[in-house]
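Trainee: Just so you know, the protein sequences line up as chains W and L, in that order. Here the first sequence is numbered in this note's numbering, starting from 1308 and rising by one per residue. Here the second sequence is numbered in this note's numbering, starting from 757 and rising by one per residue.
In case anyone wonders, no lab produced these hints; they're calculated from the structure. There is no bait here: all hints are sound.
Capping the alpha-carbon separation at 25 Å, the derived lysine-lysine pairs in BS3-like fashion look like this:
1) K1404(W) <-> K811(L)
2) K1387(W) <-> K1363(W)
3) K770(L) <-> K1349(W)
To give a feel for the contact side, a few chain W residues facing chain L, derived at Cβ under 7 Å:
4) K1349
5) G1350
6) P1351
7) F1407
8) T1409
9) G1410
Given the structure is predicted, the values throughout are model-derived calculations rather than measurements. A virtual CB, placed ideally from N, CA and C, is assigned to each residue, including glycine.
Here's the letter readout for the chains.
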Amino acid sequence: QKEVEQDPGPLSVPEGAIVSLNCTYSNSAFQYFMWYRQYSRKGPELLMYTYSSGNKEDGRFTAQLNRASQYISLLIRDSKLSDSATYLCVTNGGFQKLVFGTGTRLLVSP
Amino acid sequence: GAVVSQHPSRVICKSGTSVKIECRSLDFQATTMFWYRQFPKQSLMLMATSNEGSKATYEQGVEKDKFLINHASLTLSTLTVTSAHPEDSSFYICSARDRGPRWGYTFGSGTRLTVV
Chain W
1308 QKEVEQDPGP
1318 LSVPEGAIVS
1328 LNCTYSNSAF
1338 QYFMWYRQYS
1348 RKGPELLMYT
1358 YSSGNKEDGR
1368 FTAQLNRASQ
1378 YISLLIRDSK
1388 LSDSATYLCV
1398 TNGGFQKLVF
1408 GTGTRLLVSP
Chain L
757 GAVVSQHPSR
767 VICKSGTSVK
777 IECRSLDFQA
787 TTMFWYRQFP
797 KQSLMLMATS
807 NEGSKATYEQ
817 GVEKDKFLIN
827 HASLTLSTLT
837 VTSAHPEDSS
847 FYICSARDRG
857 PRWGYTFGSG
867 TRLTVV
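Only chain W is shown next, with the shape it has when bound in the complex:
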């Protein structure tokens, strides 16, 4: 079992849709969780981070962490064409290392 699991997609949605990207983790010791967005052939860029159970909102993005279920989600409202990218669910493993999910590819169409 992978430590962080994501559905690879691709997930196709129309512009303006609400999208939920999901992620589960297996190690209850993981503390911080981050969502990164990666465009093709570019480095990942941090969208959001969270460490407390509950919701954290930033503009069109909401990160939800449920420690009891070991589940994290990223909600994107009013999807835009520029949201088409791969979304990486990332947590901090031991010794400063990051643990990555495989990423979910999102395609937003006109």
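Place chain L on chain W using the hints.
Mentor: Below, chain L without anything else, positioned relative to chain W:
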């Protein structure tokens, strides 16, 4: 926010030659930098962790003599792919950790290496 500059963004080299990739933290001091490799449609794989002024720590299966990492200052780390072969062709990404919050991991824009 924190910015990590990575150069070159793309490089093509002949088999047997060496290639150096630079990673600079522009507005913060990075005590720790990470080097990743990414294959198409796969996630990032950690190659090594470098700490300023000390030897890098390599992940299992990564050849130390092939992937030379130098972290000579708090703002610069370099990855040199020595005697490159076509199988080394990949996307290499660096990441630096700010001295600030634990979640301060900033990534460079990546280097696409093609060995012909």
